[in-house]
Amino acid sequence: MARYILNRILLMIPTLIFISFVVFVIIQLPPGDYLESYISELQSHGESIDMAEIERLRAQYGLDQPFLLQYVTWASGMLVGDFGYSFEYGLPVTDVVGDRLFLTVIISIFTIIFTWMIAFPIGMYTATHQYSWGDYGLTLLGFLGLATPNFLLALVMLYFANVTFGTSIGGLMDAEYINQPWSWGKVVSVLEHLWIPVVVIGTSGTAAMIRRLRANLLDELDKPYVTTGRAKGVPPFKLLVKYPLRVSLNFFVADIGSMLPSIISGAEIVAVVLSLPTTGPILIAALQSQDMYLAGSFLMFLALLTVIGVLISDLALALLDPRIRLQGEGAR
Amino acid sequence: MSDHFVSRKPFDPQSIEAITPEQEKLFFASQWKLMWWRFKRHRLALACGVLLALMYGSILIAEFLAPYALPTRHTDYIYSPPQPVHLYHQGEFVGPFVYGWQYNLNMDKLLREYEEDRSQIYPLQFFCRGDSYSVWGLWESDLHLVCAPEGGTLFILGTDRLGRDMLSRIIYGARISLTIGLLGITVSFVLGIVIGGLAGYYGGWVDATVQRITEVIRSFPELPLWMALSAILPVTWSPIWVFFGITLILAMLDWTGLARAVRSKLLALREEDYCAAAQLMGARPARVIGHHLLPGLFSHLIASATLSIPAMILGETALSFLGLGLRPPITSWGVLLNEAQNINVVAVYPWLMLPVVPVIVVILAFNFFGDGLRDAADPYRS
Amino acid sequence: MTRLAAASRTLWLGRLTTLLAALFTLDARALSWQEHDYLQSRVASGELPPINQRLPDKPLQDPLHGKTLGQPGGTLNLLMGKAKDTRQLVVYGYARLVGFNEELLLQADLLADYQVEQGRIFTLTLRPGHRWSDGHPFTSEDFRYYWEDVLNNKALSPFGIPNQLLVDGQPPQFEVLGPYQVRYSWDRPNPDFLLALAGPRPLYIYAPAHYLKQFHQRYADPQRLVQLVEQAKTKRKEWTALHHRMFHPYRFDNPDLPTLQPWLPTTAPPSERFVFERNPFYHRVDPQGYQLPYIDRIIINIASSKLVAAKTGSGESDLQGRYLEMSNYTFLREGAQRNAIDVRLWRTSRGSRVAIYPNLNATDPVWGPLLRDVRFRRALSLAVNRHEINQVIYFGLALEGADTLLPESPLYKPEYRSAWARFDLKHANRLLDELGLTRKDSRGIRLLPDGRPMEIIIQSAGESTEETDVLALVHDSWLEAGVKLHVKPTEREVFRNRVFSGDALMSVWTGLPNAIASADMTPAQLAPTDQQQLQWPMWGNYYQTGAGEAPSLPAVQQLMTLNQRWRDATNMAERRDVWQQMLTISSDQVFVIGTVARVLQPIVVRKGLNNVPEEGLWNWEPNAYFGVYRPDRFWLDADLREAE
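Protein chains in written order, with our numbering: chain A, 1 to 332; chain B, 1 to 382; chain C, 1 to 644.
Only chain A is shown next, with the shape it has when bound in the complex (with noise of 0.2 Å):
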């Protein structure tokens, strides 16, 4: 086992370095740098520029370097914890995502949660009654929310909970809270604020797992255990929740490694929409706005996220279930 771990993180060395590299290179890729999308960005609101500034920026910003050298710089940097410098905010990167990680983590906790609530008895309702009524109609409701544009859905629950409830639009607490310590008013604000972005990641989610349940218990349900089970007389939920169940949970064990990442990521566009204090609209304006040290830090950082969830997932894999630690041993 020990060799099996030490072997997988030898692994992710190389992995890192060669996704480091390719980050850096996307991140270049468009036409332009920071500062012409800067100058730009003024021009679209009419603004002057003061060129003397913008070439004072580039020598300072070490726009003018050849690209390996700003590669290595930064990807030297990165060993030593430092991120990098964003344009944009003229600060650290570490101190511009600094609390934004924390909102993040705790919509995307709640993201998983809801999905999870919404997935699991539907996934078993619709894997027990299959083709019914029933397991067509939740599955329909369950797709709804895949099928949806996010960007709309967040829009159009955004304008009616300003019309019906006076919820303020956007952003994941009312204005007067931000900056301010922790109190319970802004507990209350931000769970009020909450549940829209909530309901709308969420629902994308949820479809994919019920699917994914009801495929797994529908395979489980038809092994001879079962069969066996019914014949001696256990009851039906019991049957259904002691082993298939269980058995049919591995995949999300499996799947740790890449919820976080795709939460974050896929909640990107609807922080956008919405305005969340999250990481999202920060990683897509600085793509879009060419701030490279952000947007590569940001990238790196939701890179390592996946590869260490995939780890994860790969030794819990190993430790909960016998069968597959033995292939994996037997492989090598």
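No lab work stands behind these hints, which were simulated from the structure alone. Warning: the hint list may mix true and false statements.
Restraint ranges, calculated between C-beta atoms of paired labels, are given here [what the hints assert, rightly or not]:
id, chain 1, residue 1, chain 2, residue 2, range
1, C, G451, B, V50, 44 to 54 Å
2, C, K426, A, Q65, 54 to 64 Å
3, C, K426, B, V50, 50 to 60 Å
4, B, L280, A, K242, 40 to 50 Å
5, C, Q223, A, Q65, 23 to 33 Å
6, C, L435, A, V72, 56 to 66 Å
7, C, L435, B, S132, 26 to 36 Å
All residues carry an ideal CB built from backbone N, CA and C; glycine is no exception.
Got chain A sorted already, so can you dock chains B and C onto it with the hints?
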């Protein structure tokens, strides 16, 4: 010992277990036939399949189905809400007709307000002459399924800010939106099979490399990849090439899932005896993969491909939202939805959000259809 | 008439004596100043000196002509799209050395007075007793520091002195005439100088020396500086980077940087909410003896720019113009029924809302000469149905015509606007026929001499649907002249680069930046002076850098000469004459094809917020958006002030 003898008569399987004609039909049926039988039992999937076939059929005759041509503008009917189609006039059956459609300008709110003019009745015309168009670039025609009666208007789903008929735009938009999924999936299908097939068949370092590449691609949030890739599409490309480019981008990021599925299936299948037999008989890898291994998993592949088409369609709408995908004057559902993406539409002109309906319908249909296919893909299961 | 034109009246020595006299009358005046509730506790605790010691000896008495007298207090909420938009408060605040008033005449603002001699010698007089927002006196030392230690420091300003301070490449001679007086003099007139000082993004010629010296190598204690540099959140660990980081007067993001604006930042980025607080040392007072601004606090909430209209409609902004468009008006009016907001319609003041720029520097061997032929440009302009555009997109409320000045400008003449701007397809077709473009293909599209169909690709930065819509309408009417138009939306950077390089035949952008100009504002926007001018980027670049291609068209060369004549002119009549000539040439030559102008701009104002004009102009230059309307005069009704 002499009691034993070998019968020289040909073996008659019926002598052991008689099979009925029905059984014979079942046992000798081809794999595809079995799948079809099984698929047929899944009513909803069947219905969705038919629906999809109809929708794809419609893109061939979009010009005929749409009441107006794509560029037609009605500057007197801007932001018209959906115009109701009536059957009865003052309790009397007239057949489908519309009333006159008038607007007055509310200069206080800067809003065009529409109302029916009940004194005028315009019965709808079917198979009628309207805006002219060219049929598949071959000949000119001006035949439409339904068009506005002489002197009247027919905006079943309303009009947009330039007075363009939404129904016609949705019908034309289907062309791009539906094909983008199909084209994209074809590309990712080919990529997935070839790359996954090589990895699965050869194993070893090929497999390891492919594994790493897929891991890298999958550990990327897809949004930035889309953004970066669409930003590098050459600016000199014509809209149609941009369209292909976008399709290609969507496909480039989609093949990894398929490749993984192919690989793991192949890893299992290549240990089967029939595969070893083929190899021993000197079959080349291409033949072994293409002729012996792929058919074993083809049905699964089709099913999973069907299920990823919706993701492509949604991907196109998301890209359009970011202003990176297709842009006007090209008309796709994503472009239409992008134009609906502001508070004015939600609050004042909600009918502009209607393109979301075909998107939802197509995605649901593909999902149910794909589900049915997948269930049917394993015809030997109980 | 402006102060600028009425140059050299009094000797500065005389001025100084009156100032000194004013010093002695200080106590008598000071009795009438009234302290603010908002600052009361800080004054009581001794943190702030009392009001009479915070105001300059002679504060600027704002007569509030035509405005209501207000009561101080309350908070104003604004919405912005990005954290960097905090700079808008420098624009809105509009405290300048000299600034425009509502009639767009230049007046001394931070300065007590200024003198101009021969258009080249500028004597600026400060207000004795005027203090930075931290209480330190604002004196000529602040000008000296900026001139000697910032602008002329090779390390801090590696690219030298800004263009507006150069005449024929020569910097001014700078003199300190006294603690409250400085002088800038050039050999030839510098008409840009005062305009730049009054700009929405002002030219800075002063800096809070007492604060910045701690970051300056020349003044700071070396060990302490090393320490500060080490702690600084800059990309490069150098003292110059630190100095720049701390001195961003336009970005307005350093709460410690002393300022002279009416409100000062108290929130350091990054944040989603920026709180600005009244400047206790601000130099303006109202007739009742209240120090301005009336409003105590301004809060900027950051929201995605796409959401600003939605949030404004639901009453989340007290004063909003930025990110609102005319198409939002109906929605905002509906919001006004539910929330206590008032939606007003101001007007934009660009020469044209959407303008088509034929690229005179296009490199295509066939298209290039065609675009440089005035008949072709006139034909295209005649083939635009401006009336339809106005009706369809702007409810008939915009002003149709060429891309030129607006009636609000004292230089306006109706013939500029109507030149080649009526919809006349017959005339357009005749002009195109004259050019020899008579062959047509089966679609009725004219053929170029080399046989290509006349399909023009218009580059667009894809900013707004409005642009696309206008072009869709232009497309139809051009088609009737046998010219087919394609819109090619691209990224902004790509857009600019393709225009600059001459690859793009035509582009679309907004029209003349300042269409309400008076004769003493620079006419440079009409002549090739800037690469950013999309109709002649290469010639503009030639003017700026001397590199590349010099203007080849005689009419354009004439514009260049006229522009130089304006710069050298010292009297109003000559300037007006130059302007009129340049306007005549521009409209006759149709360098830019205009559509409609004076498009309405919704401005949302909280009910109970006073002194915001019912009608106004919404533009960057010269109005600085709300700037010339002086937001420091805006005040809130009692119930809104107490809602705190």
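Hints, verified against the model:
1. C:G451 / B:V50: 44 to 54 Å: Between G451 of chain C and V50 of chain B, where Cβ atoms are some 50 Å apart, the hint holds.
2. C:K426 / A:Q65: 54 to 64 Å: Check passed, 59 Å falls within 54 to 64 Å.
3. C:K426 / B:V50: 50 to 60 Å: Since the Cβ atoms of K426 of chain C and V50 of chain B sit about 56 Å apart, the hinted range of 50 to 60 Å holds.
4. B:L280 / A:K242: 40 to 50 Å: Given a distance of about 46 Å, which is inside 40 to 50 Å, the answer is holds.
5. C:Q223 / A:Q65: 23 to 33 Å: holds (31 Å)
6. C:L435 / A:V72: 56 to 66 Å: holds (57 Å)
7. C:L435 / B:S132: 26 to 36 Å: Holds, since L435 of chain C and S132 of chain B (Cβ atoms, about 31 Å apart) stay within the stated range.
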